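Work out the full structure, taking the sequences as your base and the hints as a guide.
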Amino acid sequence: MSEDVVARIEANPKYHDLVHKRNSFGYILSVLMIIAYYGYILLIAFNKEWLAGKLGAGMVTSIGIPLGVGVIIFTIILTNIYVRRANTEFDDMNAEILREANKR
Amino acid sequence: MSSQSIRNIFGLTLGLLATGGVLAAGADLGNTTKQATNWVAIAMFVAFVLVTLGITRWAAMKTKTAADFYTAGGGITGFQNGLAIAGDYMSAASFLGISGLVFANGFDGLIFSIGWLVGWPVITFLMAERLRNLGKFTFADITSYRLDQRQVRTIAAIGSLTVVVFYLIAQMVGAGQLIKLLFGLEYWIAVVIVGVLMVIYVTFGGMIATTWVQIIKACLLLGGGTLVMLLAFSQFGFSLEKLASQAVANSKKGLALMAPGAFLSDPVTAVSLSLGLMFGTAGLPHILMRFFTVPNAKEARKSVFIATLCVGFFFTVVAIMGLSAITIVGTNPQYFEGGTLGGKLIGGNNMPAMHLAHAVGGNLMLGFLSAVAFATILAVVSGLALAGASAISHDLYANVIRRGQATEAEEVRVSKSSSLVLGVVAVLLGIAFEKQNVAFMVGLAFGVAASCNFPVLILSMYWKGLTTRGAIWGSIAGLVSAVLIVVLSKAVWVTVLGNEKPLFPYEQPAIFSMPIAFFAAWLGSVMDGSVRATKEKEAFEDQYVRAQTGFGAAGAAAH
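Respectively, the protein sequence lines represent chains V and X. Using my numbering, the first residue of the first sequence is number 1390, and each one after it goes up by one. Using my numbering, the first residue of the second sequence is number 4, and each one after it goes up by one.
Since the hints were derived computationally from the structure, they do not count as laboratory data. Here the structure is a predicted model, which is why all the values come from computation and not from measurement. Where a beta carbon is used, it is the ideal one built from N, C-alpha and C, also for glycine. Check each hint, because a few of them may be wrong.
[Stated by the list, open to error] Label-pair distances were calculated between CB atoms; the ranges are:
| # | chain 1 | residue 1 | chain 2 | residue 2 | range |
| --- | --- | --- | --- | --- | --- |
| 1 | V | S1391 | X | R535 | 17 to 27 Å |
| 2 | X | K255 | V | H1409 | 48 to 58 Å |
| 3 | V | E1478 | X | V271 | 37 to 47 Å |
Here it is in structure tokens:
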């Protein structure tokens, strides 16, 4: 019985559409996160001078500090973007797929 | 700075970040002096304990089934679970350790705040919904979904228990040192109190009690930290530039405070540490377990977002506290031993946050923050104990020994006895390790989580070709290589065992042990030509559909 449902889900093109959309969205965001974080770590490892540069004339705050806070904020924003889309668009698609599979 | 001392700082810092191991981490932190008994702190802590024991009583009445015990019946909301995850993750040591690091080194402290956060998006994007849709009580439910139950669960339980035990010991030692310092209690008394309360929460209240202890602790820590930060920041007119310029003027390091120091000068260590933090987070059994407490994937995603928000905010607050302390604490002789400015800070290098609380809010604020630190340790160890007990009862007992034939009541009974045993072991080892350097234990816990648990977990969700043999080979290779690297590196070989020179030059295992684990899992799988392996690969499609859609997922109980 439950194998039938799984088979019906797999036969539904909407399912493949959902999987494709959600997976590629997740991969893109993961890659962005990895670039931002490891980019920052590699900057620290290889280009300390630039990060230590001052934010403006007469200021002591270095470029690295707002950039670091930026990575934290970027992390939070990225997570929010994913959760919003997954919890609305993707979950609606998912609910529809499950409804159609259980109907017959 | 020599490369030796850089490695020292690494071991130390990882210790600071992850555990209460802070105070036992470095040579100069090892022996904290017992302070005068702090009655305000004790009164506030007693109030916290009474409230949480009340909650445990209530939770015990609601805990009827195995699902209630392990996962609060899946009835926790996304928002509640997000706070609980944050409560599970933000340790007293990350709070005291990072503010201490920023106080001493400025910019370098910030780097670690970031590392501590970046594992969360990976969990959100790649794992959250699959975890929730496939898992029931432990992450081994997922790795063993289409593979050999007994073999895969055995190795997953070994991985989980390794992480839990090392993490617990480090927490216990840190708790003893911290409480001795903040409350003026004897070391062993502090360790016993933590152990007894942990066992009470977990055995009587299960996941419901553990969750609420973590939620309350998260609110207290976020609230208390924010209040101290705001009071301190107001002295600089809430201007970051003013805060920074005064910190630079008042620090021995001067402008170097604002620049990256020697922390990440070696790229191999830098990347390895980052990998370990990022993927270790995604392999911690007590964090993974929290995904099964919510009713569905939607709530699971919501909870990781709330957790990310809390943890990100928290580390920003901690960094500002550390910077403010440079001026507010660093220029006040009453916080230095013998009143010598720039000398040794009273209580050691991890005390700036506590002194700052005293400076901006007097004894009341200091007592409050001390109580919060104690509560924080309790919440973290309870989560660990529950995860360890589940690995023993759900994986080893119910599925390996009893081959799935144990009744729910038997399983829960074994789980409760296991948490009692874990509590006793943690207390004994915590006392035994009082004078030891335990900083390496956290590195080891994260290394094993990233190399033994994470690779097989992610492959089981994403790679059709994974077979039982591959999962076993991958887990063993990751476990052995991570442990070997840590043991042969300076942290254990030299610092703990007293040898002259380390046999392995790097202390952070992840950059080596993770690829080894992935390779072994791949090799074991492609060389597995058995009939069973063919069936396991065929079963992937079914698992994949369920992982994606949540069809057939363990439901939620109404609470």
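Hint check:
1. S1391(V) - R535(X): 17 to 27 Å: Check passed, 22 Å falls within 17 to 27 Å.
2. K255(X) - H1409(V): 48 to 58 Å: Given a distance of about 57 Å, which is inside 48 to 58 Å, the answer is holds.
3. E1478(V) - V271(X): 37 to 47 Å: Holds - the Cβ-Cβ distance for E1478(V) and V271(X), about 41 Å, lies within 37 to 47 Å.
When the structure is compared with the earlier hints, no violation turns up for any of them.
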